Amino acid sequence: MSIKTRAPVGREAIATFGWWRAHRFLILRRLSQMFFLSLFLLGPWFGIWWIKGNLSGSLSFGILPLTDPFIAAQSLIAGHWPELTGLIGALIVALAYALIGGRVYCSWVCPVNPVTDGAHWLHDRLGLKKGWQPKAGTRWWVLAMVVAVSALTGTIAWEFVNPVSMLHRGLIFGMGLAWAFVVAVFVFDLFVSRRGWCGHLCPVGTFYGLLGAKSVLRVSAARRADCDDCMDCFAVCPEMHVITPALRGQAGETPIILSHDCTNCGRCIDVCAKDVFAFTHRFDATDAPARDDRSRSQPASGASRAA
Amino acid sequence: MSAKKNSQPRQMDRRRFLQDSARGIAGCALAGMGLGYFISDARALPAQALRPPGALAEDDFLAACIRCGLCVRDCPYNTLVLAELGRDGPATGTPFFTARDIPCEMCEDIPCVLACPTGALDPALRDIDDAKMGVAVLIDQENCLNALGLRCDVCYRVCPVIDEAITLERSHNERSGHHAIFMPTVHADKCTGCGKCEKSCVLPGEAAIKVLPARIARAEAADHYKLGWEDRNPLVDDLIDLPDRLPGPGTDNLAAPGGYLPEAMPDPGMEGGFTPSFKLPGTRP
Numbered sequence: 079m080s081i082k083t084r085a086p087v088g089r090e091a092i093a094t095f096g097w098w099r100a101h102r103f104l105i106l107r108r109l110s111q112m113f114f115l116s117l118f119l120l121g122p123w124f125g126i127w128w129i130k131g132n133l134s135g136s137l138s139f140g141i142l143p144l145t146d147p148f149i150a151a152q153s154l155i156a157g158h159w160p161e162l163t164g165l166i167g168a169l170i171v172a173l174a175y176a177l178i179g180g181r182v183y184c185s186w187v188c189p190v191n192p193v194t195d196g197a198h199w200l201h202d203r204l205g206l207k208k209g210w211q212p213k214a215g216t217r218w219w220v221l222a223m224v225v226a227v228s229a230l231t232g233t234i235a236w237e238f239v240n241p242v243s244m245l246h247r248g249l250i251f252g253m254g255l256a257w258a259f260v261v262a263v264f265v266f267d268l269f270v271s272r273r274g275w276c277g278h279l280c281p282v283g284t285f286y287g288l289l290g291a292k293s294v295l296r297v298s299a300a301r302r303a304d305c306d307d308c309m310d311c312f313a314v315c316p317e318m319h320v321i322t323p324a325l326r327g328q329a330g331e332t333p334i335i336l337s338h339d340c341t342n343c344g345r346c347i348d349v350c351a352k353d354v355f356a357f358t359h360r361f362d363a364t365d366a367p368a369r370d371d372r373s374r375s376q377p378a379s380g381a382s383r384a385a
Numbered sequence: 000m001s002a003k004k005n006s007q008p009r010q011m012d013r014r015r016f017l018q019d020s021a022r023g024i025a026g027c028a029l030a031g032m033g034l035g036y037f038i039s040d041a042r043a044l045p046a047q048a049l050r051p052p053g054a055l056a057e058d059d060f061l062a063a064c065i066r067c068g069l070c071v072r073d074c075p076y077n078t079l080v081l082a083e084l085g086r087d088g089p090a091t092g093t094p095f096f097t098a099r100d101i102p103c104e105m106c107e108d109i110p111c112v113l114a115c116p117t118g119a120l121d122p123a124l125r126d127i128d129d130a131k132m133g134v135a136v137l138i139d140q141e142n143c144l145n146a147l148g149l150r151c152d153v154c155y156r157v158c159p160v161i162d163e164a165i166t167l168e169r170s171h172n173e174r175s176g177h178h179a180i181f182m183p184t185v186h187a188d189k190c191t192g193c194g195k196c197e198k199s200c201v202l203p204g205e206a207a208i209k210v211l212p213a214r215i216a217r218a219e220a221a222d223h224y225k226l227g228w229e230d231r232n233p234l235v236d237d238l239i240d241l242p243d244r245l246p247g248p249g250t251d252n253l254a255a256p257g258g259y260l261p262e263a264m265p266d267p268g269m270e271g272g273f274t275p276s277f278k279l280p281g282t283r284p
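The listed protein sequences correspond, in order, to chains E and S.
Using my numbering, you'd call the opening residue of the first sequence number 79 and step up by one each time.
Using my numbering, you'd call the opening residue of the second sequence number 0 and step up by one each time.
Just chain E, with the same shape it has in the complex (with noise of 0.2 Å):
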């Protein structure tokens, strides 16, 4: 490991552009983060019903419903079928999430992002090994678990057990002993599995991104050419598989972050010296040169971080 990716991720960022511009989308996802939950926290703190509900099913205004398509899903799959109320309100968020990055929700909006989040930094600072990872496929197991249990138990499975809806639930309405789950997704993220909740177990996210497969809004390596392999990108990424296809590509290969595991947190955005990445959409045929031989014949020496 050389000195160079000991350094804190982003430093060159900061020296480059300053400290917002290197933060900026962090900031602005907590910023989202707080805003959704806020919003839903208006009625039960200040009296202003705004939006009534949580994240699994929800009111605003008295005229849009919105309800999470993953629990309509399983609702479907446990043989109920959902009034028109809850399908519409499915179908809203369904369309929104297909349009903007299924994995949007687990970065921008889900209350177990900040919680993943601060297990990761805290993993980074007392310098833990990543422990155990999941294969890659291990999500898609655990979503189709939960398709099959709610299948034959005739019930909404994963709601039984849901961090996610238990931490928002819990702050909205009353938590009981549901932040057990929560500080147990904390201590796996801390001490088991380095990113693995979200990276890799979570089949709300693994839904979300299944949603987002074809989504509008992506992340562009664009100005890929000038990447000078700080590495300082993957290290910062919780998906970091999805980087390499775009960063790494040949010439005439997209230079658009095309997988649905990315989140689209901006992350690798902010981080970058170089300026590499940038929000663009899916269509976005703007030619982007592939970087010089030099990195492909030496592998980046973060990358063992970077993993």
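Don't read these hints as lab results, they were simulated from the structure.
Only a predicted model underlies this, so the values are computations on that prediction, with no experimental measurement involved.
Some hints here could point you the wrong way.
Stated by the list, open to error - The calculated label-pair distances, taken between Cβ atoms and stated as ranges, are: (1) E:Val270 to S:Val201: 29 to 39 Å; (2) S:Arg13 to E:Val261: 33 to 43 Å; (3) S:Pro203 to E:Trp199: 51 to 61 Å; (4) S:Arg86 to E:Arg203: 30 to 40 Å; (5) S:Asp58 to E:Arg99: 32 to 42 Å; (6) S:Ile138 to E:Leu204: 28 to 38 Å.
Where a beta carbon is used, it is the ideal one built from N, C-alpha and C, also for glycine.
Fit chain S to the given chain E structure using the hints.
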């Protein structure tokens, strides 16, 4: 997983594929069994937790309720709450109420049912009097004041379906010999299970009358019995008129012509009018 390896097409031979699949299926099955066990545990609804009006049967309810809490929000009396893990009995996040704490006030517009986006609370419920949240049961007749012969009557008075769901059935007070007992009597076909009776039972602590889910409170009617006072049609077309057994002379006491008359007995003083065919030694003949 190094960055370089990822850019190359993964060689997935058959053995690797089978291994991965077996691992996935095994892990899936294990986790699924755990989740299934947890669900079977969590779906056991405690008897004192009542679902909102119009709630589907518990098995269907858990397929339909997305635990959004909109029914809770639109309940004007804060009757409904979402179950909290480890604190309340029902499945986490599902709505319920405890009659002894806050009963259902039976709003005529049924806002909780209107709020439900999925139909876990059946929109077919238009009239709150048709709700079946449970059935009141006078569960402790030893401590119920009315059952003791006093005139409490509170459960009867507060019942929103007074004189239909709960009536006071008068009977003789055997204890005092000259008073009446007005027994609160629930009629399940009219009882909505709102729980106002349980809430207002004056006994300290537990109520003498409690709302229980119908699955616990109600027996299955004995359909194999014919209730002759409801159905006057005989089971068979022509009843065979067998000779009536009457007390008469002798052991073969078929109806004697003229019927049983003590005077007609061989010994009119003899009870039952028959003579034992044996004599015990030493007794008077």
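Verification of the supplied hints:
no. : hint                             : in the structure
1   : E:Val270 to S:Val201: 29 to 39 Å : violated (55 Å)
2   : S:Arg13 to E:Val261: 33 to 43 Å  : holds (42 Å)
3   : S:Pro203 to E:Trp199: 51 to 61 Å : holds (54 Å)
4   : S:Arg86 to E:Arg203: 30 to 40 Å  : holds (35 Å)
5   : S:Asp58 to E:Arg99: 32 to 42 Å   : violated (55 Å)
6   : S:Ile138 to E:Leu204: 28 to 38 Å : violated (57 Å)
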